[in-house]
Amino acid sequence: MSAPVISVRDLRVSFGRGASLIHAVDGVSFEVAEGEVFGLVGESGCGKSTILRAISGLNTEWTGSATIAGRPVAHRRDPAMARIVQMVFQDPYGSLHPKHTVETALMEPIRIHGLDNGARRIDRVLTEVGLSPAFRYRYPHQLSGGQRQRVAIARALILEPRVLLLDEPTSALDVSVQAEILNLLSDIKRMENLTYVLVSHDFGVIAHMCDRVAVMNHGVMLEELTIEDLMRGRMRHDYTRELYEASAGYSRRLETRADEADAAA
Amino acid sequence: MSEPILTVDGLSVSFRSPQGVVQAVRGISFTVGREKVGIVGESGSGKSMTGRAILKLTPPSAEVSARVLRFRDIDLAAADERAMRGIRGDRIGMILQDPKFALNPVQTVGRQIAEAFRIHRSASSAEAKERTLAMLEAVKIRNPRRVFDLYPHEVSGGMGQRIMIAMMLIPEPDLLIADEPTSALDVTVRLSVLRILDELVSDRGLGLIFISHDLNLVATFCDRVLIMYAGRIVESLPAVELHRAQHPYTRGLLDSLPRINERRERLPVLTRDPAWLTA
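Protein chains in written order, with the numbering used here: chain W, 1 to 265; chain P, 1 to 279.
Bound-form chain W, shown alone (with noise of 0.2 Å):
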């Protein structure tokens, strides 16, 4: 097997101090192969976005070592970083910039990297999301949930980067307007031969895109799943097969974890 696109060890992040010190992801190693979908899954505050942001270069302190494609994830801004990165945000309503049209959205990563061709560069990526170029001169406010996050991506794209860190990239979606996204990042990774690492809360996004599946609780990975393996319940951890039930809906078997959610608070 060829070497991988993306290997994390003993990833670590904190954030406060003394008393307050918490530590987000505690000690993380992953790989991640060429044309995988590696999904992260778990609840909030686990740790999964924040391993996304530090890898991402959004969030530069962090221990351990990363490396992507080859290159160490650098603990600075590395503009390099971004022309083999790139990330798509939960909410398509907060990522773009309100005053800002389509076209001065996906100008400014052409511009900050000097690439030429920009009007033309922005066509094809527009084309590629399935927004027709004249998408480029709308303001967000002038576009729908679905095509905002379109808008996203064709941002994500546009520096033709290696892999795509996917965070929550539908769960602001109607569910059919998700299937439309969701079919548009498997057709983009098929014709790109991309790399996506896809944190969600849901199993069934999970399943439907990723190849594997680490679970994530506390900032520590329990357990490393192939989808095969998710989807016939082979899982080893309770926390994962709670989660697994949990998305199949409510039921009045299911043990409470109320007594846990007091403790916590």
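Hints in this document: simulated from the structure, not taken from any laboratory.
Incorrect hints may have been included.
[To be verified] Pulled a few chain P residues facing chain W out of the computed Cβ check, cut under 10 Å:
#: 1; residue: E42
#: 2; residue: V64
#: 3; residue: R67
#: 4; residue: V68
#: 5; residue: I74
#: 6; residue: N216
#: 7; residue: T220
For each residue, glycine too, the CB sits at the ideal point set by N, CA and C.
Guided by the hints, dock chain P onto chain W, whose structure is given.
Chain P alone, transformed into the frame defined by chain W:
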């Protein structure tokens, strides 16, 4: 079956906008008895506006009309603002999505719940406190005395939502409208909140209107489901039969959900038929 708690017949909500009249709810009819009725739909389907219209909490710019809007023996359509103030909270409670925004941030949790009781019942503050502690216990809060004195920012999302349930149930209403009550919660916490809601609703014989976008959740939690699309109820069926739904919109929604136990190359995408707007 016994007399319904709520009867809605021909309810419409519309807004005037510079682009013309926008119909948020288009003449829907349904009843709610001592049962859990789910209203599902995507954003903009009119599900929340339906819940608000029952309590007459629509924005001032909204025009609401209904042939019948009756709660028990009260004609809500004819009730004035003063009468509605006596009904809201007391006879019909409402739980919203995020307790962070629904609770008063500068008052302790206990004081807010006690206030909800004293506004509707003449009671001494000692009695109200006692009832509040009992209610906190009923929503499975382990240490009610401690939680009584906490401020909303000091409690977790799941506990906040249980506090909301306590506040809404303390005046012992007949009907509860819950608008996405667990969408802001983690899955495991969501289930414990739902179980509390389920128990209290069945024990006290309430009617519950459960508004949600989550088909799986509604199918497993509710007794009956109404599916809304563009302001209409396109289908109504027992929750356990949701997977046997007939309407192409409901079918389309169910098909477009990614499944945990089945891998499909592509997810079917919903194609909207203009006929659904009128059928």
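- Item | Hints violated by the structure (listed by number, smallest first) | When the structure is compared with the hints, numbers 2, 3, 4 and 5 turn out to be violated.
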